[in-house]
Amino acid sequence: MSMLLRLRAYDFAFPIAVLIWAGIAMALCTYGRMFILDTDYPRALAEYHLIVDQCVTEPRIITGDSVTRDGIDPRILGPNILNVSLGASNPIELYFELKDMRWCTPGPREVYIAITPHHFVYDDGYWGSAVRYGLLTQDEIQQVRDDSARLSDNLLYHQGRLGFNNAVTVWLKDHHAPTVYLPSIRNSLLSPRYEKNIALYNTMISNHGYDAKTPLGIEPAFPNKPVPTKVSLEGADKTFKPNPLATLYFNKILALLRKQNIHVVFFNMPISDLTKSVMTPEYAQAYQAYIERILAKYDNVSFVGGWFPTMPIRYFNDETHLNARGAYEWTEKIKDTLNSAAHTDASRHQP
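In the numbering used here, the protein residues as written are 1 to 351.
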């Protein structure tokens with residue numbers, strides 16, 4: 001009899017424990033992401049806070065992907081500019097960031113945009129960042145799904161191959177199910193993240209959206225790490241083949257800003273000399289023609305700088321991102337070009 005009672009107690013205890021664990025996991029995934037997610041989460045949260053959660057008072061913002069986020073120190077450009085670039089983002093995520101922006105500054109306004117060429121081709125952050133971080137609403141996720149289906153595009157959804165397993169996976173991601181966060185929960189138990197994430201978030205907020213390593217005016221040192229030896233996708237790919245969904249949302253960005261009477265300045269971030277040395281002429285020509293063709297449709301857009309500016313590999317953290325010293329040198333180099341493009345169409349590129 002006692003054995004039977006123990007078995008019945010176990011029968012009740014196990015599902016109760018599972019329900020408690022699921023409840024804790026659900027709470028962490030919804031309200032406690034700062035405890036479990038990596039450092040890209042507080043960075044993205046800070047960018048959204050600067051332009052979505054509060055009224056933007058600066059007349060100029062910079063947006064783009066993680067290359068732009070890490071490679072432009074807005075403090076060097078002046079006191080009236082924010083860098084709200086999102087890590088691992090392509091035009092899809094950037095469109096919704098800008099659509100939700102609340103700008104209260106009167107008078108002329110500028111948006112500077114720099115998107116790494118391979119983010120017009122590939123996606124590496126929609127599910128892992130924008131959706132998982134809770135940056136998009138369910139309506140926005142549905143809009144992306146509808147646009148993807150209309151274009152028969154395979155960037156995010158494999159059209160025609162949405163079997164049961166894939167459909168379940170997509171639903172779990174869309175609805176922030178705890179299973180999507182299990183690796184993050186496990187890693188946060190091994191290495192607590194909350195204090196580091198809060199400190200990084202505060203740094204980003206206080207430095208206009210930039211993860212500053214030194215006070216303004218002090219030149220950062222080169223990192224004490226080996227120089228990267230890999231080339232970026234701009235060098236690895238033989239030609240540039242833009243994705244239809246990314247192209248649609250890039251046009252949506254420019255149309256949205258034109259409707260709001262906002263001047264856009266498009267520029268390119270630097271690649272390493274190592275990548276430049278293996279880049280094919282076909283890739284460079286296809287990318288330039290693609291951007292020229294789109295920008296020519298919008299009278300509110302200026303193009304400044306070169307097509308593939310280059311810096312020595314020692315200025316890079318990896319094959320793609322500038323290190324702190326590289327960001328300092330690059331921002332100093334391009335600041336006059338960017339600042340002179342403000343409130344003027346004089347630098348508009350003529351294809």
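Just so you know, these hints were derived from the structure itself, not from any lab. Some hints could be false.
Cut-off 25 Å, straight-line C-alpha distance, at most; resulting in silico cross-link-like pairs (DMTMM-like, lysine to aspartate or glutamate) [claimed, not checked]:
1) K276 / D124
2) K238 / D336
3) K335 / E58
4) K335 / E319
5) K252 / D273
6) K297 / E282
Going down the list of hints, with the structure as the test:
| no. | hint | verdict |
| --- | --- | --- |
| 1 | K276 / D124 | holds, 22 Å |
| 2 | K238 / D336 | violated, 33 Å |
| 3 | K335 / E58 | holds, 17 Å |
| 4 | K335 / E319 | holds, 23 Å |
| 5 | K252 / D273 | violated, 33 Å |
| 6 | K297 / E282 | holds, 23 Å |
In the structure shown, a violation is registered for the earlier hints numbered 2 and 5, in ascending order.
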